[in-house]
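Read in this note's numbering, the sequence shown has 520 at position 140, and its numbers run on one by one without any break.
Each hint should be verified, as a subset may be incorrect.
[What the hints assert, rightly or not] Taking lysine-lysine pairs in the DSSO-like style, the calculated list, with each CA pair at most 27 angstroms apart, reads: (1) K518 with K381; (2) K401 with K552; (3) K445 with K459; (4) K459 with K411; (5) K558 with K445; (6) K525 with K511; (7) K515 with K411; (8) K490 with K511; (9) K445 with K490; (10) K558 with K511; (11) K461 with K402; (12) K511 with K450; (13) K490 with K518.
[As the list claims (entries may be wrong)] Pair by pair, the computed Cβ-Cβ distance ranges are: (14) D435 with L532: 19 to 25 angstroms; (15) L425 with M513: 18 to 24 angstroms; (16) E544 with K450: 40 to 46 angstroms; (17) T454 with G503: 30 to 36 angstroms; (18) N463 with L425: 28 to 34 angstroms; (19) S434 with D553: 25 to 31 angstroms; (20) K533 with N502: 17 to 23 angstroms.
Simulated from the structure, these hints should not be mistaken for lab results.
Given the structure is predicted, the values throughout are model-derived calculations rather than measurements.
Cβ atoms here follow ideal geometry from the backbone N, Cα and C, with glycine treated the same way.
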Amino acid sequence: KVDNETLLFSTSTGLVKLGEKKIIDDDLWVKNANNTYNLNTINELCLSVAYNESDSSIYLSTISKLIHIKDSVTTKELKYKNNPIIANKVLIYNDELWCATRNFGLLIFKENVLQNEYNTSNGLGSNTINKLMEKDNKLYVSHGKGLQILDLKSLDWTTFGVAEGIMDGSIKDFTVTKDT
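Make a model of the complete structure from these sequences and hints.
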């Protein structure tokens, strides 16, 4: 969600915008008959999208890379140790990009520079993250070994896995409600 009238969708064929708000350069968008717009520079499976309000830019994870699109001339691929990043979910929290990756764990970027990472060597149960969600200063992370909650104030992890009653440990999807 960009605002109350504009949404961004990651789809199997690219990025779609619903709404009239200017996001990056207008010449990058192709208008469809149903008042949606396709980003004309991306024609591949998109996994997740995040809109950064502070600079009106887009972070987009595709099946092959993670990119930051600021305008028609400023597109940058983010990498981890010179490897492409495939992120199942990206989100902006406190002007930082949080990436739930398929093989590097949880990566945190600020202004496209890696600031921090969580992986199996420092508390994360798996380096393959299925879903990521933030609510009330808690980061919910699901993966093949359970659900973990990172308190974003204290940076303490709480883990729910097989020992806590999750049958095989694997959690593909979840939701967080108001009373969580």
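Structure-based check of all given hints:
Straight-line distance between C-alpha atoms of K518 and K381 comes to about 20 angstroms, which keeps the hinted pair within the 27 angstroms bound. Of the pairs offered as hints, the one joining K401 and K552 is violated, with about 33 angstroms between alpha carbons and a cut-off of 27 angstroms exceeded. Note on K445 and K459: the hinted pairing holds, with a Cα-Cα distance of about 8 angstroms set against a maximum of 27 angstroms. Proximity of K459 to K411 is assessed by CA-CA distance (about 31 angstroms); at most 27 angstroms being required, the pair is judged violated.
Between the alpha carbons of K558 and K445 the distance comes to roughly 33 angstroms, so the proposed pair goes past 27 angstroms and is violated. As the CA atoms of K525 and K511 are separated by approximately 12 angstroms, the hinted pair is consistent with the 27 angstroms bound. With a C-alpha separation of about 34 angstroms, the suggested pairing of K515 with K411 is violated against the 27 angstroms cut-off. Proposed proximity of K490 and K511 is supported: the alpha carbons are some 20 angstroms apart, at most 27 angstroms.
About 18 angstroms separates the Cα atoms of K445 and K490, which keeps this hinted pair within 27 angstroms; it holds. Restraint check for K558 and K511: the C-alpha separation of about 18 angstroms stays at or below 27 angstroms, so the hint holds. Only pairs whose Cα atoms come within 27 angstroms are accepted, and K461 paired with K402 is rejected, the gap being roughly 34 angstroms. Taken as a hint, the K511 and K450 pair is honoured in the structure, with Cα atoms around 25 angstroms apart against an allowance of 27 angstroms.
The suggested pairing of K490 with K518 holds, with an alpha-carbon distance near 19 angstroms, which does not exceed 27 angstroms. The hinted window of 19 to 25 angstroms between D435 and L532 holds, with their beta carbons roughly 22 angstroms apart. In this structure the hint that L425 and M513 lie 18 to 24 angstroms apart at CB holds, the actual value being about 21 angstroms. In this structure the supplied range 40 to 46 angstroms holds for E544 paired with K450, their Cβ-Cβ distance being about 42 angstroms.
Between T454 and G503 the Cβ separation comes to about 34 angstroms, which falls inside the hinted range of 30 to 36 angstroms. Checked against the hint of 28 to 34 angstroms, the pair N463 and L425 fails, with Cβ atoms roughly 19 angstroms apart. The beta-carbon spacing between S434 and D553, approximately 29 angstroms, falls within the hinted interval of 25 to 31 angstroms. For the pair K533 and N502, the supplied restraint of 17 to 23 angstroms holds, since their beta-carbon distance comes to about 18 angstroms.
Hint compliance for this structure: hints 2, 4, 5, 7, 11, 18 are not met, and every other hint is.
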